[in-house]
Amino acid sequence: MTRVFALLLAAALTRQHLGPPVPAQVRRVVTLAPSLSEIVLALGAGDRLVGVTRFDDDPRVAALPRVGGYNDPEPETVLGLHPDLVIAQPAPENRGPVETLARIGIPVEAFALDDLKEVEDAMEQIGALLGVPERGRALRDELERHRAGVRAEAAKGPRRRALLVFGLDPLVVAGPRGFAGELLRDTGAVNAAGDAERPFARMSVEAAVRAQPDVVVICGFEPPPGRPAIPGLPRARVTTLRSTALLHPGPRLAEGLDDLVAALRGKRAP
Amino acid sequence: MRRSAAVRAAIALLALAPLFALAVGVGLSLGAGTLSLSAALRGVEPDATVLFRLRIPRVVLAAIVGAGLSVAGVALQALLRNPLADPFVFGLSGGAAIGAALSVAVTGTALGVAGVSAAGWIGLLPTQFAAVLGSLAASVLVFTLGRARGRLHPERALLVGVVFNSFASALVIALEAVLAPEKTQAVLLWLAGTLGYEPQPVLVAAGAVVLVAAAILTALAGRLNLLALGDEGAAALGVDVERTRLLSFFAASAAVGAAVALTGLVGFVGLVVPHAVRLVAGPDHRVVLPASALGGAAFLVLADAIARMLFRGLGTEPPVGAVTALLGAPLFVLLLRRRT
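Going line by line, the protein sequences match chains B and U. Residue numbering for the first sequence follows this note's numbering, starting at 4 and increasing by one per position. Residue numbering for the second sequence follows this note's numbering, starting at 3 and increasing by one per position.
The reader is advised that the hints may include incorrect statements.
Each computed SDA-like pair below joins lysine to any residue, with the alpha-carbon atoms no more than 25 Å apart [said to hold, decoys possible]:
#: 1; chain 1: B; residue 1: Lys120; chain 2: B; residue 2: Gln92
#: 2; chain 1: B; residue 1: Lys120; chain 2: U; residue 2: Val204
#: 3; chain 1: B; residue 1: Lys120; chain 2: B; residue 2: Thr80
#: 4; chain 1: B; residue 1: Lys120; chain 2: B; residue 2: Arg143
#: 5; chain 1: B; residue 1: Lys120; chain 2: U; residue 2: Ala112
#: 6; chain 1: B; residue 1: Lys120; chain 2: U; residue 2: Pro156
#: 7; chain 1: B; residue 1: Lys120; chain 2: B; residue 2: Gly235
#: 8; chain 1: B; residue 1: Lys120; chain 2: U; residue 2: Thr111
#: 9; chain 1: B; residue 1: Lys120; chain 2: B; residue 2: Glu225
#: 10; chain 1: B; residue 1: Lys120; chain 2: B; residue 2: Asp217
#: 11; chain 1: B; residue 1: Lys120; chain 2: U; residue 2: Gly114
#: 12; chain 1: B; residue 1: Lys120; chain 2: B; residue 2: Arg180
Source of the hints: derived by calculation from the structure; they are not laboratory data.
Please take these sequences and the hints and turn them into a complete structure.
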């Protein structure tokens with residue numbers, strides 16, 4: 004019964020706890036997503052990280068053991084690192100492995116990171132879990148201050164129609180409800196993706212053409228050379244954002260926001 | 003002198019026992035970390051947790067699924083009189099895929115929440131729960147459509163099953179275009195046959211289902227032998243053909259349902275283990291059924307251990323469903339050429 008109740012809650016909340024309680028003093032942390040590692044690093048608790056995913060590319064965690072991927076953490080490896088906390092991002096596809104970790108006695112905290120409120124809540128709550136609540140609040144305030152600065156600056160500039168592209172085949176764009184879409188709004192741009200429900204949504208090429216974007220920002224990957232990224236948009240300026248900061252929902256979003264502003268202004272994109 | 007079927011079955015099981023023991027030994031000793039058996043038995047952590055809560059449940063899971071799929075394969079091949087029948091022939095693979103894709107589609111809606119709580123009630127994940135519901139519904143549908151004038155026509159049922167599976171994969175591809183693409187992909191990868199770590203009560207329940215199904219099928223083995231003579235021939239020898247079909251269909255579906263719920267669609271085992279056993283032990287189902295159960299269990303335990311080791315350096319592992327065919331296909335061809 005408690006399990007059913009827990010699962011019901013889990014479906015409704017953006018933060019969930021599984022397994023035994025988290026100790027008051029957390030000394031050994033394993034993270035199951037690069038953005039979560041970056042949150043721990045930004046909180047000044049990088050020395051407590053003992054394991055990360057194979058996708059983690061921050062140089063500060065380069066020497067740490069890898070525990071598998073986002074969907075397939077290897078329970079034996081995690082257990083061998085003796086963590087007193089595993090931080091995960093909840094998703095239907097990693098639910099089985101994460102529940103296994105909890106069942107074998109490892110405290111797990113899972114944080115949804117779909118929109119900016121969730122990202123900021125996660126930074127604050129992970130700060131509290133690690134015993135540095137003031138650092139967590141500071142991270143939230145820093146990001147908010149940064150956003151306010153960009154918004155104030157944007158109020159003076161033009162309102163461009165922009166499309167943030169995260170995949171080309173099929174076309175996947177940032178909708179207004181996800182963190183990328185919210186940051187796009189901060190830059191003063193109008194999201195040409197319309198009011199898609201999902202943080203990252205599919206869009207037909209025809210709809211993209213009809214949306215008439217002034218700028219198309221390709222985020223975090225190189226479009227195939229030799230042909231237009233999206234056909235039928237001869238007047239739109241296409242820029243490629245090589246930095247992956249905008250793909251990591253955590254403290255790097257401030258950097259991602261600056262990258263986005265630069266890309267939209269048509270400066271050489273980072 | 004001809005030995006009785008029971009004696010021959012016992013000989014086959016005795017011959018397979020060392021293979022099974024070897025597979026279990028390999029399965030328990032391979033893993034991401036090193037494990038000290040003596041430390042684990044003395045209760046030293048984390049060795050004890052690794053052995054008792056990770057490796058043993060995983061080996062038990064592989065054994066249950068391997069045995070269940072193999073006996074179901076034997077039964078369906080006999081029932082449909084077709085050597086190409088596999089455990090998913092009655093549309094089960096298509097049904098499971100539709101169920102799993104739908105479980106992603108409804109995530110976050112009221113139906114999704116209801117599904118999560120229903121699945122949690124019986125200790126399964128929503129995807130597993132949806133896959134097993136889908137596969138069982140599909141098998142009943144295909145079985146019903148395969149019947150005409152009160153009896154099952156094997157060719158007809160096979161065709162309906164094949165058509166249904168094509169329809170289902172088209173439907174899943176269409177669903178994938180609508181849904182968040184990365185999510186459906188991950189779920190469909192699970193469907194390709196992935197062994198995880200299941201809680202103990204779930205393992206006990208699945209083991210019981212497979213054991214009962216195997217017992218029912220073994221009890222029907224003599225009648226399954228006679229089905230090879232054709233429906234009229236079997237009926238002339240006193241076999242109630244429809245009853246035998248119906249019973250073995252339900253027993254096989256229950257075993258496959260348990261396997262799908264735990265691991266998605268592990269291919270190859272249920273198709274090839276029965277043939278491998280027949281090549282060695284002859285066609286008598288009274289021997290083939292129990293021998294396939296043990297042989298299938300040994301095969302999947304070994305395949306899983308290899309799947310875990312294969313990509314260790316990369317920190318990932320391929321679905322066991324891929325390894326079964328990678329490992330089993332060459333072995334099977336070797337056996338086939340040796341014997342004929």
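- Query: Taking 25 Å as the top limit, are the C-alpha atoms of lysine 120/B and proline 156/U close enough?
  - Reply: At roughly 58 Å apart (the allowed maximum being 25 Å), proline 156/U and lysine 120/B break the hint.
- Task: Compare the distance between the alpha carbons of lysine 120/B and threonine 80/B with 25 Å, and conclude whether the hinted pair is satisfied.
- Result: Given that 25 Å is the threshold and the Cα spacing comes to 32 Å, the pair is violated.
- Between lysine 120/B and glycine 114/U, is the straight-line Cα distance small enough, at 25 Å or below? 24 Å, holds
- Message: So if I understand the rule, the pair passes when the alpha-carbon distance is 25 Å or less; does lysine 120/B with arginine 180/B pass?
- Response: Answer holds: lysine 120/B to arginine 180/B is near 11 Å, not above 25 Å.
- Query: Does lysine 120/B pair with threonine 111/U here, judged by a C-alpha cut-off of 25 Å?
  - Reply: 21 Å, holds
- Message: Checking one constraint from the list: CA of lysine 120/B to CA of glutamine 92/B, max 25 Å. Satisfied?
- Response: 15 Å, holds
- Task: With a cut-off of 25 Å on the C-alpha distance, tell me whether lysine 120/B and aspartate 217/B pass.
- Result: 28 Å, violated
- Task: Below or equal to 25 Å on CA atoms is what counts here, so check lysine 120/B against alanine 112/U.
- Result: Holds, because 23 Å separates the two Cα atoms, which is no more than 25 Å.
- Task: Take a quick look at whether lysine 120/B and arginine 143/B sit within 25 Å of each other, Cα to Cα.
- Result: 9 Å, holds
- Query: Do the alpha carbons of lysine 120/B and glycine 235/B lie within 25 Å of each other, as the hint requires?
  - Reply: 36 Å, violated
- Message: So if I understand the rule, the pair passes when the alpha-carbon distance is 25 Å or less; does lysine 120/B with glutamate 225/B pass?
- Response: Violated, at roughly 29 Å.
- Query: Taking 25 Å as the top limit, are the C-alpha atoms of lysine 120/B and valine 204/U close enough?
  - Reply: 38 Å, violated
Comparing the model with each earlier hint shows violations of hints 2, 3, 6, 7, 9 and 10; every other hint is respected.
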